[in-house]
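K.L.:
Residue numbers (the numbering used here), protein chains in the order written: chain F, 950 to 1312; chain B, 950 to 1312; chain H, 950 to 1312; chain G, 950 to 1312.
It is worth saying that the hints were derived from the structure and are not from the lab.
Subject to a maximum C-alpha distance of 30 Å in a straight line, what follows is the list of computed DSBU-like cross-link-like pairs (lysine-lysine):
{"id": "1", "chain 1": "F", "residue 1": "K1257", "chain 2": "B", "residue 2": "K1222"}
{"id": "2", "chain 1": "H", "residue 1": "K1257", "chain 2": "G", "residue 2": "K1222"}
{"id": "3", "chain 1": "B", "residue 1": "K1091", "chain 2": "B", "residue 2": "K1008"}
{"id": "4", "chain 1": "G", "residue 1": "K1257", "chain 2": "H", "residue 2": "K1222"}
Keep in mind the model is a prediction, meaning the values are calculated, not measured.
The primary structure of each chain is shown beneath.
Protein chains: 4
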Amino acid sequence: MASTFGTLLRISTWGESHGGGVGVVIDGCPPRLPLSEADIQPDLDRRRPGQSDIVTPRKEEDTCTILSGVFRGVTLGTPISIMVRNADARPEAYREMETHFRPSHADYTYQAKYGVRNWEGGGRSSARETIGRVAAGAVAKKILRALYPEIEILAWVSTVHDIGSSVDAAVVTARDIEANAVRCPDPAAATLMIERIKQVRGEGDSVGGVIEAVVRGCPAGLGEPVFDRLEADLAKAMLSLPATKGFEIGSGFGGTRLRGSEHNDPYQMEDGKVRTTSNRSGGVQGGISNGEHVTFRIAFKPTATIAKNQDTVTVEGNVSTLAARGRHDPCVVPRAVPIVEAMTALVLCDHALRQRALDVLPR
Amino acid sequence: MASTFGTLLRISTWGESHGGGVGVVIDGCPPRLPLSEADIQPDLDRRRPGQSDIVTPRKEEDTCTILSGVFRGVTLGTPISIMVRNADARPEAYREMETHFRPSHADYTYQAKYGVRNWEGGGRSSARETIGRVAAGAVAKKILRALYPEIEILAWVSTVHDIGSSVDAAVVTARDIEANAVRCPDPAAATLMIERIKQVRGEGDSVGGVIEAVVRGCPAGLGEPVFDRLEADLAKAMLSLPATKGFEIGSGFGGTRLRGSEHNDPYQMEDGKVRTTSNRSGGVQGGISNGEHVTFRIAFKPTATIAKNQDTVTVEGNVSTLAARGRHDPCVVPRAVPIVEAMTALVLCDHALRQRALDVLPR
Amino acid sequence: MASTFGTLLRISTWGESHGGGVGVVIDGCPPRLPLSEADIQPDLDRRRPGQSDIVTPRKEEDTCTILSGVFRGVTLGTPISIMVRNADARPEAYREMETHFRPSHADYTYQAKYGVRNWEGGGRSSARETIGRVAAGAVAKKILRALYPEIEILAWVSTVHDIGSSVDAAVVTARDIEANAVRCPDPAAATLMIERIKQVRGEGDSVGGVIEAVVRGCPAGLGEPVFDRLEADLAKAMLSLPATKGFEIGSGFGGTRLRGSEHNDPYQMEDGKVRTTSNRSGGVQGGISNGEHVTFRIAFKPTATIAKNQDTVTVEGNVSTLAARGRHDPCVVPRAVPIVEAMTALVLCDHALRQRALDVLPR
Amino acid sequence: MASTFGTLLRISTWGESHGGGVGVVIDGCPPRLPLSEADIQPDLDRRRPGQSDIVTPRKEEDTCTILSGVFRGVTLGTPISIMVRNADARPEAYREMETHFRPSHADYTYQAKYGVRNWEGGGRSSARETIGRVAAGAVAKKILRALYPEIEILAWVSTVHDIGSSVDAAVVTARDIEANAVRCPDPAAATLMIERIKQVRGEGDSVGGVIEAVVRGCPAGLGEPVFDRLEADLAKAMLSLPATKGFEIGSGFGGTRLRGSEHNDPYQMEDGKVRTTSNRSGGVQGGISNGEHVTFRIAFKPTATIAKNQDTVTVEGNVSTLAARGRHDPCVVPRAVPIVEAMTALVLCDHALRQRALDVLPR
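So here's chain F without its partners, still in its complex pose (with noise of 0.2 Å):
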């Protein structure tokens, strides 16, 4: 059941990298909502690999089939499965990865978890696993877009290893983001952030960034304490992601550094609205939504395939060394940004969801 997630709208995804193929079930989808393939391969064709040459070059098309829950152009409210094959995949060129441990992979934990692994392209551990969250979450985001015609799940790469960059997330627009290759709307970030790329790539070496989302015209009120904060959720969301280390919501570790007299965001009526002056809480209070754009930031490390020799050991415990072949992203950001907006699509979407089981009595 580790491969489920949510509660109302529940998905679950499964698919190793090199086997039948990847794919998603979606339990729990409201009834009518018209849904077609076409809502969903845009988004899988900015997560595909081979989409520009700071990624990995693979050769996927990606492309979904919905094989349920939808019935002349519109949702059942039963299951939607959603499928996409494997095509290329090359086991020869992950044959060293049967034998040797990727330092800093899950070929380890995985083997000593489970006491077996497909080897083969990182197997269930692979960033294709992600194909179903991606697919899941262009589902939530039209289900959200039909309950609040103002919601926009916007993210975008922030910084690529020591490269940051200056973005307003009270005004980014998704075609800012997808202006280039990188993924970030600051334009010349962008261009020095691909540059690096591209050099670590050729020393055979990776790098690491940062992602961050904001969620606009999200309304107040989302969010399931104590537990199922909306924070908590999505930080599980996020952590649930490969080669993420850090998730912060509003001011985050910067702002453990400040007075509460600096830190809260004072109250004021705004067309009648109860609105906050300034936006350190990123949003969420007490872990409910109030109203203002949700704002979060998620670490990736750098990636851990790479062509340099490292120090590690074989499955039979002896010593060696490995230069990992095979085909990877020098840096996880680029293609990660939908993945993390569809995983905010996917959290936000079930919250959504409870709160109009709970909030069932007139006020």
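Put chains B, H and G on the given structure of chain F with help from the hints.
P.N.:
Leaving out everything else, chains B, H and G in the frame of chain F:
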């Protein structure tokens, strides 16, 4: 169901700051575990108000009673209900909160979500809710020690405001941590921290801080990809705590600035075991523990409730100001230390039981 | 987690027959519902021992206390903790059960499963556990009435031993049911049943019976195929009660002897609504309520604990005999009536909230 | 989430009768289990249409493909996705169902609940949905046999219409059951049943029946009071199947007519084990298996879709009549036998894993 946490070891907390009391029901505790209130009370004592001169002066003994699930000193395998009565309730001190929303507190969002709230002492959003977590965490610690006698879970205050500290996660002891009121095992830093907390309290203000935690002796193989990765469940657990704004594991946000060749933890053999020579992974790779120390940090914002005058609005939507009364911690991190330990124990214990259920066929 | 029931309205019961008490935590109750102990006590009074001369003489007032989740007379949307203290515990009356397994009771299976058990009064397997269910059921009834003012949930004793009755589910009233100690609304049958129960009790024996239930005013559309079909969740709810051996809905086992042309319920229009002219479906088709009366029956075996001498074995594995002491119902069905109603209300309320969460897009 | 079943071994089925196909994702299967399509296909073949002259003539090979979770012949511990394509879809045969509600079928209730439905072949309410259950059940059987080599799960047709049979649950074999098309191991009764089914089919009508099941070699200790009692989960599993109206375990409804002294199963010692000399409990006491044969029966109503003319209404609310075309089983029980076995295996396997997770401390 938002007050339920865990898959196999499942806790349900209940209770408001002012009301009949607070408590927890623990479902799924293995039978035949020796257990009494004496196993639980020490952690509650570390959490309770009034324990030192840098925390809230609310007078609560927080004496717990086990109401079910234990018979003649051992657990029955049935739900364990644990309860603590509220003693020193002073609803009159919170009367302003009936009408005024405290900036950056949960007052407004609870009102927006539920259309009603218990404004006395913060109601359900009060840190008193964490009593149930700490009690359940003490039980989880006992289960873990029964399964893995070597396991140790320790948390401590790493920073307060801008005051850092120097602590070695590999050797720090519970005695070091409990040696001072702020629970920072670096004595020089602790002195400065205590001073700072007293100072801001004197000014009617508050400060934030960071808690660091380590799990030593954690076996390899805990954590359930893809969604219930160990770091994902830890992140959720921590971000479900009041006043948290961030979580990072291992290298965290700092690790994003490294190259793969700098970040990867090389493998070696040690006493016939696969070990790493560094631990930037923080003990988790691919969502599964690798047998190294699990290390992570949590950001706590400054306490929202301060005595300084702040701009806010009333329930009726009028602009107003508020200088909060009531009894509050000027800095939450000293008392949050046992809470972080408790949530860590709950996550690990749940995953330990899940691994027991999965790993049933011969290797 | 085996003591948790429900998806959106989720209850966790706790407590043993002899111990600190019994109770329930209700998570997911909608906020703003008027609620006090006075809403709950009447159903507890219908369940409690000592209420008549055909039930166990154990003296328990079963007075409930709401410990959380309610503020100034309305629910907060936070967990509602309800507790009843055990008063008339007499562990000495059960001392034989420490060493002897009662035939067809839970003594042996609890020992086999848990390796330990609270033998005082049956511990967790005692019907006292159902106090939490009845308390939660009273809350569920209030929620249901707030959502569907016309809804009525009624259960009654349909047979005792070989004594049947004649009751019209379409018109029977709570007053009819409560008119006699056995809760059979057919007065002539009730007299015979009461006589029979007294007779077998006099002989140190026990008898079984059948409870029938109806939900009138149930809206069409409740129930969630494929696994959480309404009849599936009702069946689980009922078979989770002590002493139950069977469940049937609508035509039940008798319906297997009909042809489709005899069994099918023809549709007609009535006041602009789709209605059926017969109700062999028992108000459920394809797992979903159809707007007709939901009708079902539950089989309760004779009470296992009897005063007659029986062959059994001891904990040490020695052949022995046992004539049980302790206080027990000679027939469980009269007191099981409010428990069946409570479980019915919990299932329906949960499904009502689930339908609210699913049916969110315009029709 | 209504299409998800199980706690630790969790299955999610998907698919409509007419559409891309049907399938299941199995999450929580222990790693290192030898598994291939050859383990699954035999049970699918027992379930598939067209297998004999007393079932629906729809032509489906129902050939399954394992898409994930298996590597080099063994399970990985990751989700196992299994798929079957729909081949012989004939939507035109169901065109009347677009406008007419079949009496006692799911047509109307699906429309009422979801506001939309796939009327082709019954959509999600079609028995084709059970393909996923049967596939998953085959996996569950393999896991169970790996854990308890002695375990046997058998179901058979006990009655058809008013034709009973005589079968000894203690000794009946799979070969006996599969010896005839109706799957009744009493050959004389089987002949009559087959005749009756052909007769009613000839008349455009249908009949119901009862399936009986036994689990032999079930260890003591499975089942989780209070809500997840073994019989409760079996009842839910069975009532979640299309066309079911009742469930009874052990003595069932008949047992309500006995006295406790007649009903109780006395204990004795046999080869050092606690055994009962009778089995009116049906192998379960207090919600937990006691090591005896687990025996239960399920009532299946006559197939709702019949060729005879019936009164009904249209989607627009007009009174009309309907004589259904399409291909349907005149009696569902022969093909339901492997489905009942599958659901039984899923329930037992889930409880076996749950007991593994609970029983972790030394006895």
